[in-house]
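2 protein chains.
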Amino acid sequence: MILNSKDIYNILINYNFFLFKKINVKGWVKHFRYNYFLNINDGSSLKDLQIIIDNKYFNNFFLKKINIGVSLEIIGILVLSKGKKQNIEIYANRIKIFGSFKMEYLQKTILQQKKHSLKKLREQSYLRFRTNIFSSIMRIRHHIAFSIHKFFYKKNFFYINTPIITTYDTEGAGDMFKVTTFNFKKIPINELGEINNTLDFFGDFTYLTVSGQLQGEAAASGLGKIYTFGPTFRAEKSNTFRHLSEFWMIEPEMAFYKLNHNMILAENLLKYVIKYVIKHCYDDLFFLEKKNINRLYSILNSSFQRISYTNAIKIIKSSKYKFFFPVKWGTDLQSEHEKFLSEHYFHNCPIIIYNYPLRIKPFYMRLNDDNQTVAAMDVIFPNIGEIIGGSQREERYNFLLKRMIELNLNIKSLWWYLNIRRFGSVPHSGFGLGFERLIQFITNINNIKDNIPFPRFQKNAFY
Amino acid sequence: MILNSKDIYNILINYNFFLFKKINVKGWVKHFRYNYFLNINDGSSLKDLQIIIDNKYFNNFFLKKINIGVSLEIIGILVLSKGKKQNIEIYANRIKIFGSFKMEYLQKTILQQKKHSLKKLREQSYLRFRTNIFSSIMRIRHHIAFSIHKFFYKKNFFYINTPIITTYDTEGAGDMFKVTTFNFKKIPINELGEINNTLDFFGDFTYLTVSGQLQGEAAASGLGKIYTFGPTFRAEKSNTFRHLSEFWMIEPEMAFYKLNHNMILAENLLKYVIKYVIKHCYDDLFFLEKKNINRLYSILNSSFQRISYTNAIKIIKSSKYKFFFPVKWGTDLQSEHEKFLSEHYFHNCPIIIYNYPLRIKPFYMRLNDDNQTVAAMDVIFPNIGEIIGGSQREERYNFLLKRMIELNLNIKSLWWYLNIRRFGSVPHSGFGLGFERLIQFITNINNIKDNIPFPRFQKNAFY
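As you go down the protein sequences, you meet chains P and D in turn.
Anchor point for the first sequence: position 85 equals 85 in the working numbering, and the numbering is continuous, going up by one each time.
Anchor point for the second sequence: position 275 equals 275 in the working numbering, and the numbering is continuous, going up by one each time.
So here's chain P without its partners, still in its complex pose (with noise of 0.2 Å):
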């Protein structure tokens, strides 16, 4: 009796199943010593099946195909093992191999599974699947992505697309990408002199999202609770460790919800997530590094501290830590104010900062009674700072329109979002989480475009 292959996740999870039956897998090979010992892998999971090689039945020159990387298929018995790292192994009867690999220097240092090398792998990222740590990383990205679907599907909000070509130019358009079919060398001019964009695919100047939001709310006055998870935009020059010109967002609105409602459900969504991933991807987080479980686990155990913006800048100013940027009432927090707080001031505990000054925050959050803050909310976390920002949204018309104006915003085009608030507008809330802000924050991997398959970042979108 041959069982059908399955993945090596499965044999070792249900080993009892396949005992001493004979079994078909395949895989790519990870170690083979002493011409006996050959451990496959075929991205299933971190662990690996070993094989037992015996003389018997295999020729040296057969064998000496048999490097690492080389993808095979092994059909053999499974048997309970004597040595101590597996429970199970495979006596192999038969052999295929698929495919070679050539062990150029490249793909050598590819497969080592070394945590300095991932600069290396990166600018070879098709290759970079085959190796542990990345395989790994894309393993916890995986359950961390269901975990967030599962966590809005159980609480009834609809998961909804919002469009990535829009015509809104968000405040100025200098850093978003444009969406075009014109012919670069033969760009329409009018008689103005101007550019032609009647003449272009949609008829306008056409841009990537920079966000979901403001559909979202358009979707949630309606459906009442909604999230949108796809990707967004920036065209931002910035080649930092916490940037990407493309990456993925998780945008919840929902409608009934005030700010209160929504760091509810901000701090509900984090935990969910960061215990899901631990109790699924344990193994992986192991490998990756050991202490940074504990790191999750104190994020899990604490209750996120609330602290409103004013008392945040009385608390700074009144520390006696030196900061190079000075605060005052009205700036922006930088990351070392928002670090000091977190990690030092409430000690490695997340914090939720509110109430901002209007003047630093975008014009569609709410207006407090005190004419002169907004119901923002921002979840910092220790070590890496802000992970979610959303707020209350403006719902009152008159409101949202003085704002607008202020603020010299292109009315023409979000006719449609004002025109939400003159059917029907209820209070609502929503916020933002970065994905790969949070992977980064979940597996601790330093630099941002080793937490996403393809990373896009200036100059580079090979692949």
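Careful: at least some of the hints might be erroneous.
Identical chains blur together in the list; that is why a pair holds if it fits in one copy or across any two.
[Said to hold, decoys possible] Below, simulated DSBU-like cross-link-like pairs (lysine-lysine); rule was C-alpha separation at most 30 Å, straight line: (1) 402 to 64; (2) 402 to 96; (3) 258 to 361; (4) 185 to 459; (5) 185 to 154; (6) 322 to 271; (7) 237 to 186; (8) 258 to 275; (9) 317 to 328.
These are calculated hints, taken from the structure and not from any lab test.
Assemble chain D onto chain P, guided by the hints.
Then chain D, alone, in the frame of chain P:
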């Protein structure tokens, strides 16, 4: 005791828990009859919640403000209803109005729930979430999305986000969107009179992806089984019921899968999703079109018929039907032929046509031993046509290289894709499923533009 507000869905499902308790609900007015029966809905389900307005508590001046579309909060007691239409109702003690709804002509039309106004609704797509018909479609869309994630999660497929911005221009770039940060008035030209793409943001010409497959293959060549679920783009100027410029695709890619496994996976996925949606969205499906549910069941109860391209051609040629497009071996099948096969020849059964001629299929499909056909497969649904297209991929370096040279493809930008075949190459397969086409099939809402929140098509990127 005041219980916190809950989704109306939760209240309708778990009403025993809330019975005779004081609760707080929020929503939009759907109907208000005799100044007594008030129906509200918060988007969480198709069913409204009935509120009883007792004159004792409310004066007529106040009640006049309540009309369709107004948003409000109600505090009242949940009681069993004497009516036949609902189990329960709320006896209102307090009402708070959040936002009025000015009954302009346009919005009146919007809130009418007739199918023939779908086009009208589309013109106000930021408001249509408020209507029964569109919120039903959106709830179904949500459940389809979740069921897809769940299906793959249970099967240990990893969710991968492939890049949206790519340098690969497929075959000719004719129907791709360009992504740029160039100032259209100052496109940089080099000494040869050519556009100096090295000065653009990514140092190269970049486009919006048409498919995540190629990167998905790279991921599968390490992680084993992966799927993508993300937006893809076509700059085609075809404004039909079946085309969008921006749509979402699901693209699984599996190492060690041959064409046969690929077919099984496609059939299982589609059946899983349909079963899931019938279970979780029965009310919404029933509301959209009662008959449609039978159609969905008939897919579940069918066994997808497999037929080779060569046999399909034979059957078509020997049929008595007159076709607009004549066929002979080597020509592509038109939708009239696919319709004939699935609807007439196989009596409204989904079919899988496989082994298409090499010449009509893309370069990456695996050449069969006959040297004339490739291991391609298309899943055809009755009424809707092709819903899935896939293949076993060419894993042999020399075969792939030869084909790319024959087709004069840009090997320089696809070196990494070729390279996957040099380092532990494995047989692998995958397919693409258009998310909106699947929704369109399940909802039976005729125009694909009504199956996505904010459709993008030629001359249309509003909202």
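Hints versus structure:
1. 402 to 64: between (76 Å within a copy, 29 Å between copies)
2. 402 to 96: between (72 Å within a copy, 25 Å between copies)
3. 258 to 361: For residue 258 and residue 361, only the intra-copy Cα distance (17 Å) is at most 30 Å; the inter-copy one is 54 Å.
4. 185 to 459: Both. Shortest intra-copy (22 Å) and inter-copy (22 Å) distances satisfy the 30 Å Cα cut-off.
5. 185 to 154: Neither way: residue 185 and residue 154 sit 52 Å apart in one copy and 50 Å across, limit 30 Å.
6. 322 to 271: neither (33 Å within a copy, 63 Å between copies)
7. 237 to 186: Both ways: residue 237 and residue 186 sit 27 Å apart in one copy and 19 Å across, limit 30 Å.
8. 258 to 275: Answer is within: at 26 Å inside a copy they meet the 30 Å cutoff, but 37 Å across does not.
9. 317 to 328: within (8 Å within a copy, 82 Å between copies)
When held up to the earlier numbered hints, the structure conflicts with 5 and 6 and fits the remainder.
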